[in-house]
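Peer 1: Produce the complete structure using the sequences and hints provided.
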Amino acid sequence: MKQRRSLRWAGYAVLAVVAAVYIYPFLIQLGTAFKTDADATAHPLTPWPHEWSVAVFGALAQQDFPRWALNSVFVSVSVTVGRVVFDSLAGYALARLRFRGRTTVFGAVLAVLAVPSVVLLIPKFLVLNQFGMYDTYAAMIVPLLVDATGVFIMKQFFETVPVSVEEAARIDGAGPLRTFWSVVLPMSRPALITLTILSFQGSWNELPHFIVSRQDPALNTLTSGVATLVSGQLGQGNQFPLKLAAALLMTLPVAVVYFIFSKRFTRGTYEGVDK
Amino acid sequence: MVVPILMALWVSVSDWTGNGSPLSSRVHFVGADNYAALLTDPGLTQRNFATSVRNNAYFVLFVVPLQTALALGLAMVLNQRRLKGKQFFRTAFYFPTVTSSVAISVVFLFLFSSTGTVNAALGLFGVNGPSWFADPRGIFQLLLHGLGVTNPPQALTDGSFMGLSWWDWLSGPSVAMCSIIVLVVWTSTGGFMLMFYAALQNLPPSVDEAALIDGAGPWQRFWRVTLPQLRPTLFLVLTLGLIGTWQVFDQVYVLSRGEPAKTTLTPAYLSYSTSFIGKEWGQGSAIAFLLFVVIVLFTLGQRWLLREKGK
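From first to last, the protein sequence lines stand for chains A and B. Each residue of the first sequence is one higher than the one before, counting from 354 in this note's numbering. Each residue of the second sequence is one higher than the one before, counting from 688 in this note's numbering.
If you are wondering where the hints come from, they were derived from the structure by calculation, not from laboratory data. Don't take every hint at face value.
[What the hints assert, rightly or not] Each computed DSBU-like pair below joins lysine-lysine, with the alpha-carbon atoms no more than 35 Å apart:
1. Lys477(A) to Lys616(A)
2. Lys477(A) to Lys949(B)
3. Lys616(A) to Lys773(B)
4. Lys966(B) to Lys477(A)
5. Lys616(A) to Lys771(B)
6. Lys949(B) to Lys966(B)
[Unchecked claim] Derived Cβ-Cβ restraints for the label pairs, each shown as a range:
7. Phe775(B) to Thr394(A): 31 to 39 Å
8. Pro823(B) to Thr581(A): 21 to 29 Å
9. Ala363(A) to Thr802(B): 34 to 42 Å
10. Arg918(B) to Ser359(A): 24 to 32 Å
11. Leu463(A) to Arg994(B): 19 to 27 Å
12. Glu896(B) to Thr456(A): 39 to 47 Å
13. Val407(A) to Thr802(B): 20 to 28 Å
14. Arg918(B) to Leu466(A): 18 to 26 Å
15. Leu423(A) to Pro823(B): 38 to 46 Å
16. Leu605(A) to Ser801(B): 25 to 33 Å
17. Gly904(B) to Arg455(A): 45 to 53 Å
18. Ala363(A) to Asp895(B): 14 to 22 Å
19. Phe612(A) to Ala756(B): 22 to 30 Å
No experiment lies behind these values; they were computed from the predicted model shown. C-beta: ideal position from N, C-alpha, C; glycine also.
Peer 2: Structure below.
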């Protein structure tokens, strides 16, 4: 009994320390965004500013930051809408429609999941270039519109919908698209919400694709914009409050979504994984 | 998906310079030249590639075991039935995983800057921390230096493999790479922890109870009972870990661009910089395909090592 109690205390202690290590960087980020340069350099260890300053946010607003934010919003929203539509259509087709080559298509989806995304950077660029799409919003959005993970999640979900529900609709004379739209889709709200969250988070945080699909600074998203803002001086020295404020602002939307939907977040990501 | 990859494969055996279409008649077939420059011809190209492979190999060697062990450990603790505040801890550990790698890299840039938080914390213990992102020294070599070995043994400097001396191969990750290792372990643990956690929740409690009745201690139960049941999840975590760590890119791009002294150069970043900055598309594609081969080989190797014995 005694051993068990001490074990429990040890467990709490470990968890508390690890949790502190995991949260502390975010506190530093939050606090330093409100510091002055000198304060950040002099007191890097405390998240609490000695002297509150919101100057950096003004400076960000003066720069290209609002433009990056708008680009990020535009691209992420387009990608999210596209993924919800195309992934669910593709998922439904794979789950329910009998057509020739269905297993091949599904195999291809799985194969795409397995190819490292870094290996695909150059192929993506080649195709965008070939189609004359390089350096446009389309180049940034179209290649992200369908993702294998999303198709997979939707297919898994649609397979759990009982066939009898759809048969009723079919007897009433509804075609596959109509059945999908007015019967199956309304039942799929949980899966659709999960897909929306994951798509938004994924495209908001995407970096490599936005590096290789455009060059024009006016097309910078938050990720690629902040990356260029930061990597100039190789991490030495100054303007950390500014950089951290930029990072903070770009974390906020995902953080808000995460704290609202944290249950769904964790469930959706690993759905079907623990089989 | 297949067409773009075939196109890239063609580019990797051509002398395309990025102008016009790679399929036009002005682009020539150069055979395996691009691959040879990376693998067999002595020169800067080969040395850069070898350096990037070395860096990434150390990266994988440190990150994969660390993140797997940490994730499993945290999941085991979270799985204690009477633990309070589970939701809080889960949120805390998982949150870094969902946030942008760029934003997190900026934070770590500050934490590990020479006047940053980590050095300030080390200063509390009287340790004078290094200038993390500017220090190109490998930690194994630093350790040896601390033990009094200042000059490498002749045997190690004489021989070389792919343009790097054995001494350079054995340097260990650089101080700069170590900070990236910390960063990646910190961000990736949460996701893997959840996978272990979900698997642990699905284990039937009866098996563990039976072992308890048979008088097995906690340590024994973990190694003999719990871990074997987690084998599929362990396999998945290791596979995803290996695939992920061999293509580390975002953090390198934001934090160091391969510097200092190329010690954080990775094949993924080298492939990007060779093609998109250096405009040597053939070379860059060749690196990407070699990286692909490395990933496939590692996945197969790991599958073979962890295969169910006696089947």
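Peer 1: Each hint needs a verdict: does it hold in this structure or not?
Peer 2: Hint-by-hint comparison with the structure:
1. Lys477(A) to Lys616(A): holds (34 Å)
2. Lys477(A) to Lys949(B): holds (27 Å)
3. Lys616(A) to Lys773(B): holds (12 Å)
4. Lys966(B) to Lys477(A): holds (16 Å)
5. Lys616(A) to Lys771(B): holds (17 Å)
6. Lys949(B) to Lys966(B): holds (19 Å)
7. Phe775(B) to Thr394(A): 31 to 39 Å: 33 Å Cβ-Cβ, so the 31 to 39 Å window holds.
8. Pro823(B) to Thr581(A): 21 to 29 Å: For threonine 581(A) against proline 823(B), whose Cβ atoms are near 24 Å apart, the range 21 to 29 Å holds.
9. Ala363(A) to Thr802(B): 34 to 42 Å: Once the Cβ atoms are compared, 35 Å apart, the range 34 to 42 Å for threonine 802(B) and alanine 363(A) holds.
10. Arg918(B) to Ser359(A): 24 to 32 Å: holds (31 Å)
11. Leu463(A) to Arg994(B): 19 to 27 Å: holds (21 Å)
12. Glu896(B) to Thr456(A): 39 to 47 Å: holds (43 Å)
13. Val407(A) to Thr802(B): 20 to 28 Å: holds (23 Å)
14. Arg918(B) to Leu466(A): 18 to 26 Å: Between arginine 918(B) and leucine 466(A), where Cβ atoms are some 22 Å apart, the hint holds.
15. Leu423(A) to Pro823(B): 38 to 46 Å: holds (40 Å)
16. Leu605(A) to Ser801(B): 25 to 33 Å: holds (29 Å)
17. Gly904(B) to Arg455(A): 45 to 53 Å: Cβ of glycine 904(B) to Cβ of arginine 455(A): about 52 Å, so the range 45 to 53 Å holds.
18. Ala363(A) to Asp895(B): 14 to 22 Å: holds (19 Å)
19. Phe612(A) to Ala756(B): 22 to 30 Å: 28 Å Cβ-Cβ, so the 22 to 30 Å window holds.
Violation of the numbered hints given earlier is absent; every hint is satisfied by the structure.
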